[in-house]
Amino acid sequence: MTPAATATFCLRLLRRQLVLGLRRPVELGNPLLFFAMVVALFPLGLGPAPDTLAAFAPGILWIVALLSNLLTSDAVFRSDLEDGSLEQLLLAPQPLYFSALAYVLAHWLLTGLLLGLASPLFALMLGLAPAAIPALAASLLLGTAVLSLIGGIGAALTVGLKRGGMLISLLILPFYMPVLIFGSGAVQAALNGNPAGPFLAILGALLCMSIALAPMAIAAGLRISVDT
Amino acid sequence: MWTLFHKFGSPPWLYRLSGSILRWLLPITLLALIGGAIWGLLFTAPDFRQGNSYRIIYIHVPAAVVALAGYYVMAIAGAVSLIWRMKMADIAMRACAPIGAALTFVALVTGSIWGKPTWGTWWVWDARITSMLILLFLYLGVVALYEAYENKALAAKACAILSLVGTVNIPIIYKSVDWWYSLHQPASIKFTGGSTIDPSMLYPLLFMITAFYCLFTCALLLNMRVEILQREQRTAWVKALANKGAAG
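One line per chain: the protein sequences are B and Z, in this order.
Numbered per my numbering, the first sequence finishes at 228, counting up by one with no gaps.
Numbered per my numbering, the second sequence finishes at 1248, counting up by one with no gaps.
Next up, chain B with everything else stripped away, as it sits in the complex (with noise of 0.2 Å):
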């Protein structure tokens, strides 16, 4: 295989799992759907004060960020293990590391980037400061990518089992735990008027390793989960 011909069979890869989302454009939308909903829920739960929200908004949006994507991740694989194509990719020549990336390069494209371009949006129902909006996107943006090569990782060793659902949100929680650390205090360090830079630069850094780390995960995982 040459690096070529490797990287045209993933970018088809990724191709064909962007075709195939956009050709759902419903349930493209349910996560900013499901986004919105739980938003609601807090002022509903904590009470409409604008104060309260606007301190609790970083941290509400991240955690619903978090749980958008816990739920959207165990469908990552699901649909390509039932129809056969998985085990396809499986026995092809191409490195699984590489097609493992492009299936978790299609997942953030359609729900991470997504939610980032659009949280401004809820941030605003929440009345959190406009200050702290960019810190809350860009945080977003690199953020639910890391979530998306982490939750890769819980979809690939559930995806061969019957009761995958729940079981994925107790493996993949912990690990998402740091992402929100940092995530919610970039928004937090912006909305006192410190700088989001330190924050962005570690969830970088937290990206830059799970792309490194993850997919091979993921193949393994994928490995076994074909054998199921």
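Simulated from the structure, these hints should not be mistaken for lab results.
There could be a bad hint or two in this list.
Claimed, not checked - DEER-style ranges, computed between Cβ atoms: (1) L46(B) - L1154(Z): 42 to 48 Å; (2) A129(B) - P1098(Z): 45 to 51 Å; (3) A5(B) - P1098(Z): 45 to 51 Å; (4) P1171(Z) - P134(B): 26 to 32 Å; (5) G197(B) - S1112(Z): 35 to 41 Å.
All C-beta atoms in this analysis are idealised placements derived from N, C-alpha and C, irrespective of residue type, glycine included.
Once you've looked at the hints, dock chain Z against the given chain B.
Relative to the frame of chain B, chain Z by itself:
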């Protein structure tokens, strides 16, 4: 070297070896635990500030230390089983998870009981407590994943991957929680108040830590023996063993 390596892959050999180890390790562990507890609880001076309540340290610290070390034992066993496909490493990894979870739980509960008289609260969202809680979640995640697979050989592989991902993540989780704590709360409670611990308290503590390591080893071997018997229940040697037990 290679013959030893192959022997470790053989269930009956490991079953007999663990049996002969346990025959002397189990009494030693029991004696050490009882002796250490008596030494720590009765023959050390009460703390200057905390009085007698600090004595829970002789359970709390050993449990926490061994709980953390247990995760690495599990991850190393997982790596060995993935790299060399060694069946016994699978079994060791599987056996580590519930023991580690139990020790983490003991550390959390004793910490909380210790926290009530000294800090005036059962639970603080402090960096160390939070990371121990996350460690508990990681252990339980491994148990849950193992139980979810019907095929136990695949379950072990999946758990090995998960525990390796965990080893990469534990330092990150620990650092991030540490940083989060220092950002969000002033350091109102000093956890390492007196950084130097008096030798008269340190020696029983070290003794108890050693005793807990022995306890961990005993529990690990016992768990492994059960798992070996369950997996090999259809083989001749297990049937012979069962018949001998039933006759004798």
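Between L46(B) and L1154(Z), is the Cβ distance one that fits in 42 to 48 Å?
holds, 44 Å
How does the Cβ-Cβ distance of A5(B) and P1098(Z) compare with 45 to 51 Å: does it lie in that range?
Cβ of A5(B) to Cβ of P1098(Z): about 47 Å, so the range 45 to 51 Å holds.
Kindly confirm whether 35 to 41 Å is satisfied by the beta carbon distance between G197(B) and S1112(Z).
Distance hint for G197(B), S1112(Z) holds at roughly 38 Å.
Within 26 to 32 Å: is that where the Cβ-Cβ distance between P1171(Z) and P134(B) falls?
For P134(B) against P1171(Z), whose Cβ atoms are near 30 Å apart, the range 26 to 32 Å holds.
Hint check for P1098(Z) and A129(B) - Cβ pair distance inside 45 to 51 Å
About 47 Å separates the Cβ atoms of A129(B) and P1098(Z), which means 45 to 51 Å holds.
The structure fails none of the hints (numbered hints given earlier).
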